[in-house]
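J.: Spelled out from the first residue to the last, the chains are:
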Amino acid sequence: MHLDATTLSLAIACGVAAGLLAGLFGVGGGIIFVPTLVILFSFHQLDAQATSLAAIIPVALIGAWRQNTEHLVYWRGAVIMGIGAAFGVLIGAEFALRLPEATLSRVFGMVLLVVGGEMIISSIRTLKVKRASTTAA
Amino acid sequence: MDLETQIGRIGVLPYVAIGVVSGLFAAMFGIGGGIVIVPLLILITKMPARMAAATSLATLILTSLMGVIRYSGSGHIDWVAAIVIGTPAILGVLIGIRFQKRLPSEWLILGFGLFVVVIGLKLVFTL
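Note that the protein sequences, when read in sequence, are chains A and B. When we follow the working numbering, the leftmost residue of the first sequence carries the number 6, and every step to the right adds one. When we follow the working numbering, the leftmost residue of the second sequence carries the number 100, and every step to the right adds one.
In short, the hints are calculated from the structure, not lab data. All values reported here derive from a predicted model rather than from experimental measurement. Treat the hints loosely; a few may be bogus.
Each computed EDC-like pair below joins lysine to aspartate or glutamate, with the alpha-carbon atoms no more than 16 Å apart [as the list claims (entries may be wrong)]:
#, chain 1, residue 1, chain 2, residue 2
1, B, K145, A, E123
2, A, K135, B, E205
3, B, K221, B, D177
4, B, K200, A, E75
5, A, K133, B, E205
For reference, chain B alone in the conformation it holds in the complex (with noise of 0.2 Å):
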C-alpha cells in the first residue's frame, strides 16, 4: 500500500476538522495555516514530518488567496509591500526545502517543535 492511499485511509473528515480548527485559528489570532496544520497533521494522520509541510503549503495557497480575495478592494493589501517581502522569500523557500531534504524527520520535529513553543511563549507572555 502506498502513502496515498494508507493516508487516504483515514477518511475525509480529520481533514475537514484541521482545516476547520486552522481557520478558527486564523480569524481568532491572525496566526493561521501552518503553525496549526502541520502539528495536526502530523499527530492526528500520522503523515510523515516533510509530507505535512509540503501538504500544508499545498493547503496555504488556497487559505491566502481567499483571504486576499476577501480583503481586495477594502485598501489593505499594499501590493508593492508584498511584491518586497514575497519575491526575497520565494528564494528563501528553496533554499529551506533544498535544507530540509537533508535533515532527518526527528529533527525536523524538533526544530518545528522548539519554533512552536517560541510562538507559543511570545503569546503567553506578551499580551
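One chain only, chain A, in its complex shape (with noise of 0.2 Å):
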C-alpha cells in the first residue's frame, strides 16, 4: 500500500465517515470500507472485503461496548444471530458460485429498495401522527 499525505487523509476522512454511519445506524461501515480500499488503494475487491473485515473489529468492539453502558445491546439475540450468519454464510458461498453476480446485485438491491421504502414510509406515518396529536394537544 503507498501511503502519501493526501491518500492518508483521504483514508482518515473516510475511516471517520463509515465509523460515523456504524455509531448511527449499527452497520459495520464496510460498505464505505470496501469501496475505499478498492478506489483509493487499488485493492482487489477479496483483499478489500477481507481487510475491510479487519478494519470493522474494532469499531464494532468500541461500539457495542459504549451502546452497552446504557443496556441497548441485547447479547443473546447478538450472539444467536451471529452463529446463524456463520451458517448463512456457507450456504451462500454456494449460492454465490452457481449464480451470476449482476442478476445477484439486483435482486439484493430490490430488497433493499422495499425494506428501506418501508421504513421511509413508517417513520413519515409515525412523524405524521406524532404532529398531528402535538397540533391537536
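Please assemble the complex out of the two chains, which come individually in their own frames, going by the hints.
T.: Set out below in C-alpha cells:
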C-alpha cells in the first residue's frame, strides 16, 4: 500500500465517515471501507472485503461496548444471530458460485429498495401522527 | 415486563433466521451484516431502533471476527490498511453514537431508510 499525505487524509476521512454510519445506524462500515480500499488504494475486491472485515472489528467492539453502558445491546440475540450468520455464509457461498453476480446484485438491490421504502413510509407516518397529536393538544 | 424479557418472548427462531439471512447476503454480495440485521430486527422483532443498531454492532463483532479468521493466512488482509481506516473509524463510531442519542427514533429510521434506498439504487443500476 502506498501512503502519501493526500491518500492518508482521504483514508482518515473515509474511516471517520464509516464510523459515523456504524455509530448512527449499526452497520459495520464495510459499505464505505470496501469502495475506499478499491478506489483509493487499488485493492482487489476480495482483498478489500477481507481487510474491511479486519477494520470493522475495533469499530464493532468499541461501538457495542459504548452502547452497552446504556443497556442497549441484546447480547443473547446478537450471539444467536452471529451463529446463524456463520451458517448463512456457508450456504451463500454455494449460491454465489451458481448464479450470475449481476443478477444477484440486482435482486438484492430491489430487496433493499422495498425494505428502505417501508422504513421511510413508516417513519413518516409516525412523524405525521405525532405532529397531529401535538397540534391537537 | 422489561424490554429484554419482551424481546426474549418471541423466541430464538427469528434471531437464527435473521443471522442466516445476513450471512447469506454477506457471502453473496459482500454486503452483510448491519444493513440486513438492523431493518429485520426492527420489522420482525419490533426492537426499538437504537437497540437494533446497538445489537447489530455486537453481532458484527462475531461475524467480522469469523471472517478474519477465515481469511487469515490467505494473504488477503492488509493489516496496515485496516489500521489506517479502522482507527479513525473508532472516533467516528463514538461521535455517531453521541449523535444517535439526540435523534428521535422516527428520524433515525427515516435516515436509515434513505441510506438503505441509496445502497439499493446503487446495486440495481451500477452493474
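J.: Compare the structure with the hints numbered earlier in the document and write down the numbers of the violated ones, lowest to highest.
T.: 3
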